[in-house]
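**Student:** Here is what each chain is made of, one letter per residue.
Number of protein chains: 2
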Amino acid sequence: MVKQIIGRYAVEFDRFMRETVAKNLTDENGYGVMVRYAMGWVNEDDTPYSKTTGKRLRPTLLLLCNETASGNWKHALAAASAVELLHNFSLIHDDIQDVSDLRHGRPTVWKIWGTANAINAGDAMFALAYTSMQRLTEYVSTEQALKAWQIFNHTNLELTRGQHLDMRFETLDKVAVGDYISMIHGKTAALLATCAQLGALIATDNDEIAQYYRDFGLNIGIAFQIRDDILGIWGEPDITGKSAATDIISRKKSLPILYGLEQSNLFVQLYTKPTFNDKDVLYAVELLDNINAQKYAREQEALYYEKAMTALEAAQPTGDTSMLRGFVDFLFQRDY
Amino acid sequence: MVKQIIGRYAVEFDRFMRETVAKNLTDENGYGVMVRYAMGWVNEDDTPYSKTTGKRLRPTLLLLCNETASGNWKHALAAASAVELLHNFSLIHDDIQDVSDLRHGRPTVWKIWGTANAINAGDAMFALAYTSMQRLTEYVSTEQALKAWQIFNHTNLELTRGQHLDMRFETLDKVAVGDYISMIHGKTAALLATCAQLGALIATDNDEIAQYYRDFGLNIGIAFQIRDDILGIWGEPDITGKSAATDIISRKKSLPILYGLEQSNLFVQLYTKPTFNDKDVLYAVELLDNINAQKYAREQEALYYEKAMTALEAAQPTGDTSMLRGFVDFLFQRDY
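Protein sequence lines, in the order shown, are assigned to chains A and B.
The first sequence begins at 0 in numbering that gives the first Met the number 0 and counts up by one.
The second sequence begins at 0 in numbering that gives the first Met the number 0 and counts up by one.
No wet-lab data here; the hints were simulated from the structure.
Be aware that one or more of the hints could be misleading.
The list cannot tell twin chains apart, which means a pair is met if one copy fits it or any two copies do.
Unchecked claim - Here are the simulated DSSO-like cross-link-like pairs (lysine-lysine), alpha carbons at most 30 angstroms apart as the crow flies: (1) K50 to K73; (2) K110 to K252; (3) K22 to K306; (4) K251 to K110.
Pulled out of the complex, with its shape left as it was, chain A reads as follows (with noise of 0.2 angstroms):
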């Protein structure tokens, strides 16, 4: 089902994009490469790559809310093309920042082209994600290009403040919920958010209705960021494919770790160890099992994910949504 849906849009955006960027990036002496490659178009050397890098979440829910809009979602991809530029980008500056060597299995850019060269392709793509939403006036009237203009400007600046707070939360002992909540909005949620937005906007032209989708796409973002906080912990290695309790391991500052830290002196006690064994490992989970952490966070979920359904009846749509809900179940059953 959801390949389906996926795969209704896969061939023209993909070469809208690749159009966007082979039209507007110089290719010199290496420059242009990094970009392909951190798009998994290419590899290293600039040989096609064939293997589907990412899940194309973002311009996929802008698409949909667009249809389930009563949109012609053709107009609305140089929007679409615009969010999957400025995902990559952020990941490209992300992995330089959390010093990751892998992405999607492959190297970082930065660990093949140095963190130098890396700052500059993520700038590079920067700059291309506005350069493909620019690209909206051929299908949009200037009053609705600029419209969008501003929403995406606006998200650039609530990626970059979530990612602080991201980072910032690392050296703290601890974070309340609510801070967390906060920072999620920005690092997850906001461009879901303007996926959501944009895609009606484009569809309606109508603020009221395209606000909706927005608070449809934040509540989705902030639920689907708790689920995969819970995955974190809990989830089973082969569907997740990720170690058991790697948030753990990790000491990642997630949602049931945070509750921990606050309902546990067991937990906070346990974690004023410097390094954790197996042993550590499984004793944590148990703590959190004792104070219900994970039953916590999958109520988070839930009122999260009843929030956004919500503003989707409230954004009375006049279009098909069956793919819509399609896509979201997919989300949130995670069966891929």
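Fit chain B to the known structure of chain A by using the hints.
**Tutor:** Using the frame of chain A, we list chain B on its own:
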């Protein structure tokens, strides 16, 4: 004279730029302070910083071209503030890429807050530059604002291309003079070209006139960079604020040095030495003098300067050109 010119816009320009940043940058957990510090508004601890950093060449050029084309410069403040924010964004990332400890006599952003935070603060300032540009819609038509956006976007890609070439050239033994000019097109000249073009476009809404101004700014930028290259070898330390022959010591690939590598085998031979002592530096300058490298560079500077002035004539300025000419004289005399 030049203080009066820059001073003409200073108060309103500053107000506009600070207002744009304050309105759009959420100030959370030490996030905003990095941006304000980089702009030279505050100290590391967010207390006011009084010394002026930077010379505001770019916004001043933009506003002067606007007035020279009979514009109301207050309508161009959004663009002037955008180019200044963009320039400062690029400095934050440049300083990481070059591992520079100092900028305007103060520790660089990455030196104080670390690389990860500095990358993010730069990204935030990049987005703020677009936010400022977007405020053009308060003063000009949506069509004009979109045109300005397009030019700005294109420039941002040019800047990353120039930055890439600059970093790339550092790793090469030899760079052709033509490639060097292509690099400074992006690295120095593209933003000055855009300043002149945007100033004129906002004044006239005439693409052809704006293009002449762009040519003016582009050639001024190249001439200015070549002048900087000359001063990096033959400049008086008490005027340039750098030690004599600083570009030789740092083996910068500047125009006279590339000319030396093309024209003098003795110079090429000297450059194979892994480190230079004082005698080597003096000998390098002597070798450059033997092949008239300074004369060559001065001729190139004059060539681009003349191109710039021809373009300015071709633009047929409708306003008073005396301030703009005074400003250009100042750039090339460096009497500050």
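**Student:** Now tell me, hint by hint, if it's right for this structure.
**Tutor:** Hints versus structure:
1. K50 to K73: Within one copy, since 25 angstroms is at most 30 angstroms while 52 angstroms is not.
2. K110 to K252: both (25 angstroms within a copy, 26 angstroms between copies)
3. K22 to K306: between (41 angstroms within a copy, 29 angstroms between copies)
4. K251 to K110: both (23 angstroms within a copy, 26 angstroms between copies)
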